[in-house]
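If you're matching them up, the sequences are chains A and B in order.
Mapping the first sequence onto our numbering, position 124 (from 1) lands on 124, and the numbers just tick up by one.
Mapping the second sequence onto our numbering, position 200 (from 1) lands on 820, and the numbers just tick up by one.
Honestly, the hints are just simulated from the structure, not real lab data.
All C-beta atoms in this analysis are idealised placements derived from N, C-alpha and C, irrespective of residue type, glycine included.
Do not take every clue at face value.
Here are the in silico distance ranges between beta carbons for each label pair [unchecked claim]: (1) B:Ala791 - A:Lys564: 56 to 64 Å; (2) B:Ser625 - A:Leu7: 33 to 41 Å; (3) A:Thr69 - B:Pro1052: 37 to 45 Å; (4) A:Lys111 - B:Pro1052: 27 to 35 Å; (5) B:Ser1061 - A:Gly552: 55 to 63 Å.
Simulated coverage check for chain B against chain A, where a stretch passes if three residues somewhere in it have a Cβ under 8 Å from a Cβ of chain A [to be verified]: (6) 662-668; (7) 700-713; (8) 813-820; (9) 931-938; (10) 1039-1046; (11) 1090-1097.
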Amino acid sequence: MDQFTWLIPTLPLIAFLIIVGITYRFKLLSAIVATSFSLGSLFLAISILIQKIQSPKTTETFINWLTLTANQQTVLTLQMGYLMDPLAAVMCLIVTLIATLVLLYSIGYMKGDDGFSRYFAYISLFTFSMLGLVISNNYFQTFVFWELVGLCSYLLIGFWFFKPAAADASKKAFITNRWADFGFLVGIIGLFTHFGTFNFAELSTVISLHQNTLVLLILGLLVFLGPMGKSAMFPFHVWLPDAMEGPTPISALIHAATMVAAGIYLVARGYILFASVDSVMIVIAYIGGFTALFAATIALVQRDIKRILAFSTLSQLGYMMMALGVGSMTSGMFHLTTHAFFKALLFLGAGSIIHAVHDQDIFNMGGLVKKMPITVWTFVIGSLALSGIFPLAGFWSKDEILTVTLQHHFMGLFILGTLVAFLTAFYMFRLIFIALFGDNRSGHHAHESSWTMTLPLLILAILSIIAGLVNTPWFYQWTGMSFSTFLFFKEPEVPVIHWSIAVLSSLAAMSGILFAWIIYSKQQISADKLAQRFKGAHTLLLKKYYIDEIYGWLFNKGLLGLGKVFNFIDHILIDGLFDGTATLIRSSGVQLRLFQTGRLQQYALVLFIAIAAMTIWGVR
Amino acid sequence: MHLYSLILIPLIGALTLILIPSKHQSLIKWTSAIVGLLGLALSIHLYFVFDKSVSGMQFVESIPWIPSFWINFRLGVDGLSLSMVLLTSIIWFTGILVSWNFQERVKEFFIYMFILVAGVFGVFLSLDFLVMFIFLEIAVIPKFVLIHVWGSGKKEYSAIKYTLYLLTGSAFALIAMMMIYLQTTTLDLTHLATLTYSAPFQKVIFLLLLIGFGVIIPLWPLHRWTPDGHSSAPTAISMLLAGVIMKLGGYALIRIGIGLFPLGAAFWAPLIATIAVVNCIYIAFVAMVQKDLKYVVANSSISHMGYVLMGLAAMNTVSLTGAAAQMFAHGIMAALFFALVGLIYQRTHTRMIADLGGLAHQMPRAATLFLMTGLASLGLPGFYNFVSEFLIFVGAFRTFPVLATIAILAVVITAIYVLRVTQQIFFGPRNPRWDGLKDISGLEMIPLVILVVVMLGFGLIPAPMTNLINQGIDPIVQHEVMKGQL
Chain A
1 MDQFTWLIPT
11 LPLIAFLIIV
21 GITYRFKLLS
31 AIVATSFSLG
41 SLFLAISILI
51 QKIQSPKTTE
61 TFINWLTLTA
71 NQQTVLTLQM
81 GYLMDPLAAV
91 MCLIVTLIAT
101 LVLLYSIGYM
111 KGDDGFSRYF
121 AYISLFTFSM
131 LGLVISNNYF
141 QTFVFWELVG
151 LCSYLLIGFW
161 FFKPAAADAS
171 KKAFITNRWA
181 DFGFLVGIIG
191 LFTHFGTFNF
201 AELSTVISLH
211 QNTLVLLILG
221 LLVFLGPMGK
231 SAMFPFHVWL
241 PDAMEGPTPI
251 SALIHAATMV
261 AAGIYLVARG
271 YILFASVDSV
281 MIVIAYIGGF
291 TALFAATIAL
301 VQRDIKRILA
311 FSTLSQLGYM
321 MMALGVGSMT
331 SGMFHLTTHA
341 FFKALLFLGA
351 GSIIHAVHDQ
361 DIFNMGGLVK
371 KMPITVWTFV
381 IGSLALSGIF
391 PLAGFWSKDE
401 ILTVTLQHHF
411 MGLFILGTLV
421 AFLTAFYMFR
431 LIFIALFGDN
441 RSGHHAHESS
451 WTMTLPLLIL
461 AILSIIAGLV
471 NTPWFYQWTG
481 MSFSTFLFFK
491 EPEVPVIHWS
501 IAVLSSLAAM
511 SGILFAWIIY
521 SKQQISADKL
531 AQRFKGAHTL
541 LLKKYYIDEI
551 YGWLFNKGLL
561 GLGKVFNFID
571 HILIDGLFDG
581 TATLIRSSGV
591 QLRLFQTGRL
601 QQYALVLFIA
611 IAAMTIWGVR
Chain B
621 MHLYSLILIP
631 LIGALTLILI
641 PSKHQSLIKW
651 TSAIVGLLGL
661 ALSIHLYFVF
671 DKSVSGMQFV
681 ESIPWIPSFW
691 INFRLGVDGL
701 SLSMVLLTSI
711 IWFTGILVSW
721 NFQERVKEFF
731 IYMFILVAGV
741 FGVFLSLDFL
751 VMFIFLEIAV
761 IPKFVLIHVW
771 GSGKKEYSAI
781 KYTLYLLTGS
791 AFALIAMMMI
801 YLQTTTLDLT
811 HLATLTYSAP
821 FQKVIFLLLL
831 IGFGVIIPLW
841 PLHRWTPDGH
851 SSAPTAISML
861 LAGVIMKLGG
871 YALIRIGIGL
881 FPLGAAFWAP
891 LIATIAVVNC
901 IYIAFVAMVQ
911 KDLKYVVANS
921 SISHMGYVLM
931 GLAAMNTVSL
941 TGAAAQMFAH
951 GIMAALFFAL
961 VGLIYQRTHT
971 RMIADLGGLA
981 HQMPRAATLF
991 LMTGLASLGL
1001 PGFYNFVSEF
1011 LIFVGAFRTF
1021 PVLATIAILA
1031 VVITAIYVLR
1041 VTQQIFFGPR
1051 NPRWDGLKDI
1061 SGLEMIPLVI
1071 LVVVMLGFGL
1081 IPAPMTNLIN
1091 QGIDPIVQHE
1101 VMKGQL
């Protein structure tokens, strides 16, 4: 089956070309093309995954895309190809599955939009790029597709380009990522300069001979900047909340389940590079942990349903990054997988609600449970999974992250992780109690969405319940394998449950739900009074720690200011110098011209004066 | 195939145009288009008959010219010059098509344009320094008239500024040429390559060439003719100026500067790399604060030529191949940019960014093409510009890791100004002021589509063009190595 790997990204590419070239005018046809081709990729991904489970060997195939020679010897080879191993197989499945469900969902969600075909074309292009990234066998190809998913993200965030906020957000996303990709690009060029290859397999052979060298430290950190941008780690996180200006299914696909997870995926893919230097791993772990906490606190006070979910995504990405940083690639990837399901579910649920209520402010919602039961209950399942309630998917993956954090002696991060678990449960159930239950506060006339929208919700809800089981001891006993024996960095781990950690994290999550219930459902503690009491902290969180303001200031004063200074140098100094020289030459020409006016009388006059002067001189 | 036919086509075209009475505008345009198409066809033909497996000059021909001074009219082509010839003919042809709605003194306009193109072909094909120098002047001078007569804005100032800068540059190149001749009594490039030169001589000559040809590239701080020159010139002339003329400097510096005086080049390389960084970064910042759209694009061209300089400074096969590829890629991209700016200006009668806005509603095609060009400009994979920039960075990082890293930062600054401008012009709510505007018509799309296809085609399949350039560059680099000079 592996030989068909190239078809997985190619099918969505064909769909993109068909839509752009042929079916652009026929809206429904475009949607059908996009969805069915994506479904084709999904089937391929499933069969390859099944085959990988049976025999997990790695296949690599590539072509030389560009070869440069010097003196008949190859000096640079750029490859395009695929590397199919368990890691890629799992990721392919996630991407194709979520893409197909989102496409199906979008048929209902985007109904009546002027850019309907354009939308499906963009998603197909995105799916192609994302899959090209996933199956890549070298850093160069990864970078190429990395930029292309960034482009698709730009196009889809700014899909409603006539909304200034959307146009701003898309630009912000692209540019923020560019800052990060700058480091990534320098990093991979540095890797090539030092080790002579971009290829993952070749690099890991060479790198394993080096440990803790300065070069690897610098290059590791540079390459890590890329994942920091794409997975929106602090301080590059600012673009992700704003990216919510795009259509909601896009937020589910790109900005929750797949593209933002590309950063995590890349760290896992190039794990040997990061794991070879201890300090790089520590940086990764702490940046992840910090982002997890930082974003969770902001999510506590937001009012926009999509922004709450966006900050939650940031926080969970931080969680995954932390897991990778403490040294467990498996648990990071496991959380990526379960998170893809329940966060896509939550975003699609939020989309269904926004579709019905025409508002994104959770305080203008309420009373939805009777009107749209499927949406509400699947949303609750997603939230429970996210909060890490036993036995839903999130419980297993979160529990595993906390376990490995403790096992690798990161006590601080363990406490932080448990705190984040509490906060997560709290903000999610704050959202639920305010937006879904309680009274209808805005007099909206919500109704349940059509089947194309609810079916993906149901499928994702089921996955959010059961997906975690694949890494449980019971599953291992039953089938003889599990997620962590299938996907691992150096040696497979047999899943075990650490009951003390499980109980602790469950307690944290449940107390979060309890607090949310007391404050927002029972209203025994007034949220407003709390906000009044801690006014400074509340404003700080509401303003997202003023990071956007700081960046805005830096941009206006720093970059634009520098532009003005350089423009001044160009116009006043350099032009002044050169134009001044030209003027000087011309004016001296004007002056010198007086010496040869061509007027005989003048010459005669000069002659006369001269003779007169000499005569007088001679007489004396 | 005879290379002089490539130089003769535009000249014969110009002569033919002289014979057509000015009132037959459409006949003049059709004739021009056919001549341009002939030139394009001939250069594509040259690409196919050119033997890509052999390195060195091909189709060499030599016509004695001033025998008493050993000066011959020698022409030849290798991978490097062939890529530049292709670039020239593509931009020439599309430039003619873009000028289809041109009304003002059409005949003279095309005549001057054709003379210019003949000069450009001559520079790329000549194998004698004196012949190359003369062609360089032929390429440069018509521009003065073209800007002065058909330009817009402060065109007199721009035309004078352009001419003074470039002639001053030529003076430096002329001094270098005379010094070489006095030393060797030949200006035959092939012959010159077989000689050895003392290190101090190389240093002096290379500096003179760097200033002389650097003005054309343009090299900071000799770049100030560019923004005014580009912005005042009519659309097709801006296309040729940014697309082709600016490449003459880079080409001559590779062929003569690095090819003949590698020790001198190596001595000045750190300076070139530093200036390259200034070009890339500083000018990108300048582009960011421009209020006139054409000035943004013009400054962006200078900034992008900084990458070429970076590739030159590193002086290895990868970086030089990247530099030449960047000249090609940027030529196409800049031509497209100027063509689009021209089309927008023609409709809205303004180039002020602040006046524009929301144009994507009325002109979706223009918006799509502009965004694509912008993405190419910021080095997005899929466009040839990405490949060339990547090669330059890979090549330069080996020699100047720190400077190369700073230069790479320009891809961020470029993204900032390109996306800002795109948003300010095209995005946002519908502006009723532009409601009557027509989008780019099918006919107007032809030259634009040609340019996009070239940009995307080589972006997706870079090998045909890049290997061609590689084939031309490598002997130049090997030549340095063989002489034990590096």
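Cross-check of the supplied hints:
no. : hint                             : verdict
1   : B:Ala791 - A:Lys564: 56 to 64 Å  : 34 Å, violated
2   : B:Ser625 - A:Leu7: 33 to 41 Å    : 48 Å, violated
3   : A:Thr69 - B:Pro1052: 37 to 45 Å  : 58 Å, violated
4   : A:Lys111 - B:Pro1052: 27 to 35 Å : 28 Å, holds
5   : B:Ser1061 - A:Gly552: 55 to 63 Å : 41 Å, violated
6   : 662-668                          : violated (count 0)
7   : 700-713                          : violated (count 0)
8   : 813-820                          : violated (count 0)
9   : 931-938                          : holds (count 3)
10  : 1039-1046                        : holds (count 4)
11  : 1090-1097                        : holds (count 3)
Hint check: violations occur at hints 1, 2, 3, 5, 6, 7 and 8; the rest are consistent with the structure.
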